[in-house]
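Visitor: Use these hints to put chain B with the ligands onto chain A, whose structure you have.
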Amino acid sequence: MAQQRLKLRVNGKSRAVSVEADTPLLYALRELSDLNAPHFGCGLAQCGACTVHLDGQPVRSCAIPATAATGEIVTLAGLGTAEKPHPVQQAWIDEEVPQCGYCVSGWIMTAAAFLKTNKNPTDAQIREALAGLKCRCGTHTAILRAVKRAAQVMAKGAMAKGVAA
Amino acid sequence: MNAPLSRRALLQAAGALIVTVPLSGAVVAAPVAVKPGPADLDAWIAVGRDGRVTAFVGKFDMGMGLDVAIAQMVGEELDMSADKVELVMGDTFRTVDQGGVSGSRGLANGGVALRAAAAEARRLLGEAASKHLGAPAGSLEAWDGAIWVAGQPKRRVTYAALVGGKGFGAPIKWNGQFGNALAITGEAKPKAAAKYRVVGKPMPRRDVAAKVLGTAEYVSDLRVAGMLHARVILPPAAGAVPVSVDEASLSGIQGAQVVRQKDFLAVLAPVEWDAVRASRALKVSWSKPPPAFPDQAGLYDHIRKSPSVQTSVGPKIGDPDAVFASGARVIEAEYEWPFQSHASLGPACAVADVRPDSATVWTASQKGHAQALGCAKLLGRPPGSVRVITMIGPGAYGRNDAGDAAMAATMLSAKVGKPVRVQGMRHEGTGWDPKGPASVHRARAAVDEKGAILAYDFHTRGFSRAEINFTENDPKETLAGQFAGYDNKPGHNLGLPEDSYDIPARRLAWTSVAPFLDRANPLRASHLRDPMGPQMHFASESFFDEVALATGQDPVAMRLRHMTSARDIAVLRGAAEKAGWVSGPPGARREKRGDVLVGRGVACGRGHGTLIAIVAEVEVTPATGRVWARRVVVAHDCGLVVNPKGLRTVIEGNVVHGLSRALFEEVAFDRSAVTSVDWATYPIIDIADTPETIDIVLLNQPDIDPTGAGEPTTRFVAAAVANAVFDATGVRFRRAPLTPERIKAGLRKV
Ligand code: FES
Ligand code: FES
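Going down the list, the sequences are from chains A and B.
The first sequence lines up with residues 1 to 165 when you count with the working numbering.
The second sequence lines up with residues 166 to 915 when you count with the working numbering.
Isolated chain A (complex conformation) (with noise of 0.2 Å):
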């Protein structure tokens, strides 16, 4: 197989990582050494400690190759910082979720997703959205809070926007 260069858009910057046609977006974002999330879970698409966002839609990076990821990728370190994080991440750190922690790309970048176009979901609806997603240490409680509240203060931000505007 003969490798390529290939260039990647991740949090916004322009990477470039050498791959083979075969090679899995999640290995090749492993390959940038500043990065640490996402994880290798099960590399078959059914855990999703390797998600992504692909152009605004979560992905799980093990199960697409390197080279099909033309658009916009954001990992967890992308979707907010300690200074600015995303309203779920504060949401799962006021919660403080994690145990192990190794699982929460999946949760994260779903949950935030989801939020986008789901203004007030309800318990059942979240469930659903999350569904699939795997948490080994049980975590799933803190979990649905989590995203409740990360909702309501997404909501709230919403209607302030809505006021200013």
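Hints are not guaranteed to be accurate.
Covered by chain B, according to a simulated footprint, are these stretches of chain A (three or more residues, beta-carbon under 8 Å) [what the hints assert, rightly or not]:
id	stretch
1	42–56
2	68–79
3	85–95
4	103–112
5	134–142
For lysine-lysine, the following BS3-like pairs were computed, each having C-alpha atoms within a straight-line distance of at most 30 Å [stated by the list, open to error]:
id	chain 1	residue 1	chain 2	residue 2
6	B	LYS319	B	LYS296
7	A	LYS119	B	LYS810
8	B	LYS810	A	LYS84
9	A	LYS148	B	LYS743
If you're looking for bench data, these hints aren't it; they were derived computationally from the structure.
C-beta atoms are modelled at their ideal positions from N, C-alpha and C, and glycine is treated no differently.
Guide: Quick look at chain B with the ligands alone, frame taken from chain A:
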């Protein structure tokens, strides 16, 4: 326990007072003074020139807030807020061997030792301040690193001025033990709980933000300059060994190489994806051993019929045989629990950098000091020569695959002379991690006509939880070591259930059967969260419900009438009250809500010194076999509550993990291999099945030293659920897990 790693020995080995100790990765930290042994206060507590306090802890926080709780205990004794206390954990060169993460002993051992050290440090600081200020020690007050004469705040001196950067140079009494048994006591007595200002307050955790912002460095994130990526090649069948290896099959992959040491086989490459490709491309012909396993359907018969290897009987109370022979009414039942997998969220990863004159291993194993000893043995180097740095990993619930990865990385790095990073693939993590043992439990009770239990007999029969040790203190305890020819002699240990009942005659016992193979195999059993706890208490606490049913008693009332300890009673009452328990025999509250049957179940008892009662309210959908534990109430008494905020999340995690194991988890295997190898074949709980409510009642006992919370709740979840399912359906499920298929099949029979 582990061979003593004395700081002095190390110091002599280093031949200097100061050695340079690189922290993780390529970062080289400022020189760190080699610390003295456990009998020196300076091994435990340091006050920096800036007045910051550092506590050195031979345990590790697995994301349950142990670090914060210990900081609170240390801060309390030193009269300072916990956020001024820094912790050094997970570094065998900087901490004493306190046994690592083990048996929910983080606070009971780890915290209590540090509390003693901090109290002693405070005493010495008081003495020094008294001299410095010319005032009696009894007249001094302290807060946040300053000591002053009461009522004269200007007559003050700081901890930093007294000992900052210098150390205490004082002894502390040490019991000569390492590991969980290590204890130290100073001349100073720790504070009375009534004076607490720091302990008992909710404190935020320190690890959360980095995990949530994607900046936390996991062991799998570590990049050491020049490291190679490795994949271990595992046999397709238990007991198979490589006959020939075709190295030419890797020729198309850049830089790929094969390492073989006896039957241990691995591929390495500079780029991770190339190592994965190499592991798939490598052509190996394997021996064809006879099938190692029975048909899965025959697992429990295998356990019943295999020869007994070792039997252990707990302290005998009264004469149960005589009671059983007396003609009293006897109730008996048998319960079965399958092999279960750790199935940590990611397969294990470790990095090792073995050089001629030093060796560093980065691991997410729970037992760093034991790992260091095992790696030193592997390398034929003296104990204390390998530095193990514990990093966060993809979850650990006991002896998972982390230690196997670390030993493999060490072996490979020594072979190739470069740093090596090993990570498994998903099917290797779930397929080959050490398993929680499968078991069969027989319970018998003799009751009188009023329903009082006169005699109780409980016998567990199953695979030993010590087929490999719960630490990696020897290569023979690891997969890599066993493949490489280190022969292991399996240990034998199961355990006894811990109930809260005062029964006049009783016998508790266990019997182990031989492992399927005495060498590396994917069904070797070891410690999985609360080793044997869920198995035994699923059986014993289901059984007490059966006794309640057979004698027409309310399960809570029947339990209470057999309890004599006030703490046990308070815990069970606490859970029942919070749950709004309605009295009646099991099944009496059978209730239908639309398509679902609703029931309540209770289970309670003790674990690791902690007292727990659980009431589960379940909904059973007969059409689909789904069991949803909609509401779970836990009453929890673990002595002194150090950090209620952290404790609640830890208990919630126990409940959900426990539900997952009670309802979904079962290792599947064929005659030669484990076939549950990923999340499709080894399903765990989904968010859809997470309880709507987990109510937690904390019974704080300020004057009783803290006991563990990391795992004991797990052991009572399955019984509470099975009892609730009986209440809802009238069908008793005695085989775990209560999967939808089993529920449907069970309900069809009625
Ligand atoms: S690692 Fe990609 S979904 Fe599990
Ligand atoms: S927090 Fe450990 S897997 Fe989710």
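Visitor: Next, verify each hint and record whether it holds.
Guide: Right, here's what the structure says about each hint:
For the stretch 42–56 of chain A, the proposed coverage by chain B is satisfied: 6 residues have a C-beta within less than 8 Å of a C-beta in that chain, meeting the threshold of three. Coverage of a stretch by a chain is defined here by at least three residues with a beta carbon nearer than 8 Å to that chain's beta carbons; for the stretch 68–79 of chain A and chain B the count is 5, and the condition holds. With 4 residues bearing a CB less than 8 Å from a CB of chain B, the stretch 85–95 of chain A meets the requirement of three and the coverage assertion stands. Counting residues of the stretch 103–112 of chain A whose beta carbon lies closer than 8 Å to any beta carbon of chain B gives 4, which reaches the threshold of three, so the coverage claim holds.
Given a C-beta distance limit of less than 8 Å, the hint that chain B covers the stretch 134–142 of chain A holds, as 9 residues qualify and 3 suffice. The hinted pair formed by B/LYS319 and B/LYS296 meets the criterion: a straight-line CA distance of about 16 Å does not exceed 30 Å. Our distance criterion of 30 Å between C-alpha atoms is met by A/LYS119 and B/LYS810, whose separation comes to about 29 Å. With a C-alpha separation of about 25 Å, the suggested pairing of B/LYS810 with A/LYS84 holds against the 30 Å cut-off.
With a C-alpha separation of about 25 Å, the suggested pair A/LYS148 and B/LYS743 falls inside the 30 Å cut-off, and the hint holds.
Violated hints are absent here; each numbered hint is respected by the structure.
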